[in-house]
Amino acid sequence: AQSVSQHNHHVILSEAASLELGCNYSYGGTVNLFWYVQYPGQHLQLLLKYFSGDPLVKGIKGFEAEFIKSKFSFNLRKPSVQWSDTAEYFCAVNALGSGYALNFGKGTSLLVTP
Amino acid sequence: DTGVSQDPRHKITKRGQNVTFRCDPISEHNRLYWYRQTLGQGPEFLTYFQNEAQLEKSRLLSDRFSAERPKGSFSTLEIQRTEQGDSAMYLCASSLTSGESYNEQFFGPGTRLTVL
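Read top to bottom, the protein sequences are chains A and B. Under the numbering used here, read the first sequence as residues 244 to 357, first letter to last. Under the numbering used here, read the second sequence as residues 1155 to 1270, first letter to last.
In case anyone wonders, no lab produced these hints; they're calculated from the structure. Using N, Cα and C, we set each Cβ at its ideal position, and we do this for glycine too. Among the clues, some could well be false.
Just some of the chain A residues that point at chain B, by a computed CB distance under 10 Å [stated by the list, open to error]: (1) V247; (2) H250; (3) T273; (4) F277; (5) Q281; (6) Y282; (7) P283; (8) Q285; (9) K314; (10) N346.
Mimicking DSBU-like on lysine-lysine, the simulated pairs with C-alpha atoms at most 35 Å apart in a straight line are [as the list claims (entries may be wrong)]: (11) K1168(B) <-> K304(A); (12) K1168(B) <-> K301(A); (13) K1225(B) <-> K1211(B); (14) K292(A) <-> K1225(B); (15) K349(A) <-> K1225(B); (16) K292(A) <-> K1168(B); (17) K314(A) <-> K1165(B); (18) K1211(B) <-> K312(A).
Isolated chain A, as found in the complex:
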């Protein structure tokens, strides 16, 4: 079955630490890839997306993600996290040719401590 896996369910970092959140998917064909963020009490917001082209994509608030096709991965990175990055992070995949539904991972809860 098609799936999206996020390896870390809970991450705790100190401010200024570097962040990498893993995301792997199991679709064999062409995919659109997304990272969404949900800050406490707010709705899901798009951080960044990959459709095609340069596999290193930059998003809002200093986040970036790298698409590695051979590894079926789309990991999220940020060189230096801030307390305001405390949130739930979701990786999502749309398999082209299989409709427009997003398939989400279970999410990673990030807590950044001062």
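Fit chain B to the supplied structure of chain A, relying on the hints for placement.
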């Protein structure tokens, strides 16, 4: 506010009752999606519309669930004979079908349903 809006934000109901939720998408978006999110999980796709046509339904959408988008603008999601397992956050999203933001889904705040 030009984002996706959902109403109500919270709904508490007793088992066996019917509930209906409304979603108003971003005005120029012609695709509208419904998802369900339970605690500790990511959103799970239920169904989507392109204009007024319902084009895809998930196996999660049992026959107690029905969604409509009669004029291609707002949508309603009705759950009949609610069960405790229906307790979840119901999310609506919308997107364009062309342009730079093609296939980028914008989410609303959700309706939290609690079935007692």
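Against the structure, the hints come out as follows:
Interface hint at V247(A): satisfied, since its Cβ lies 8 Å from the closest Cβ of chain B, which is below the 10 Å cut-off. Nearest Cβ of chain B to the Cβ of H250(A): about 14 Å, over the 10 Å cut. The hint is violated. Because the smallest distance between the Cβ of T273(A) and any Cβ of chain B comes to about 12 Å, over 10 Å, the interface hint for this residue is violated. Because the smallest distance between the Cβ of F277(A) and any Cβ of chain B comes to about 8 Å, under 10 Å, the interface hint for this residue holds.
Residue-level restraint check for Q281(A) holds (minimum Cβ-Cβ distance to chain B is 9 Å; threshold 10 Å). Given the 10 Å rule on beta carbons, the hint for Y282(A) is violated: about 12 Å separates it from the nearest Cβ of chain B. With a least beta-carbon distance of about 13 Å to chain B, the hint placing P283(A) at the interface is violated under the 10 Å criterion. A cut of 10 Å between beta carbons decides the hint on Q285(A): the least distance to chain B is about 8 Å, and the hint holds.
The closest approach between the C-beta of K314(A) and any C-beta of chain B is roughly 21 Å, which is over the 10 Å cut-off, so the hint fails. For N346(A), the shortest C-beta to C-beta distance to chain B is roughly 7 Å, which falls under 10 Å, so the interface hint holds. At most 35 Å may separate the alpha-carbon atoms for a hinted pair to count; K1168(B) and K304(A) exceed this at roughly 42 Å. With a C-alpha separation of about 46 Å, the suggested pairing of K1168(B) with K301(A) is violated against the 35 Å cut-off.
As the CA atoms of K1225(B) and K1211(B) are separated by approximately 19 Å, the hinted pair is consistent with the 35 Å bound. Between K292(A) and K1225(B), the direct Cα distance comes to roughly 30 Å. Compliance with the 35 Å bound is thereby established for this hinted pair. Between K349(A) and K1225(B), the direct Cα distance comes to roughly 34 Å. Compliance with the 35 Å bound is thereby established for this hinted pair. In summary, the hint linking K292(A) to K1168(B) is not supported, as the alpha carbons are separated by about 40 Å, beyond the 35 Å threshold.
With a CA separation close to 42 Å, the supplied pair K314(A) and K1165(B) exceeds the 35 Å bound. Taking the CA atoms of K1211(B) and K312(A), the gap is near 29 Å; set against the 35 Å cutoff, the hint holds.
Hint compliance for this structure: hints 2, 3, 6, 7, 9, 11, 12, 16 and 17 are broken, all remaining hints hold.
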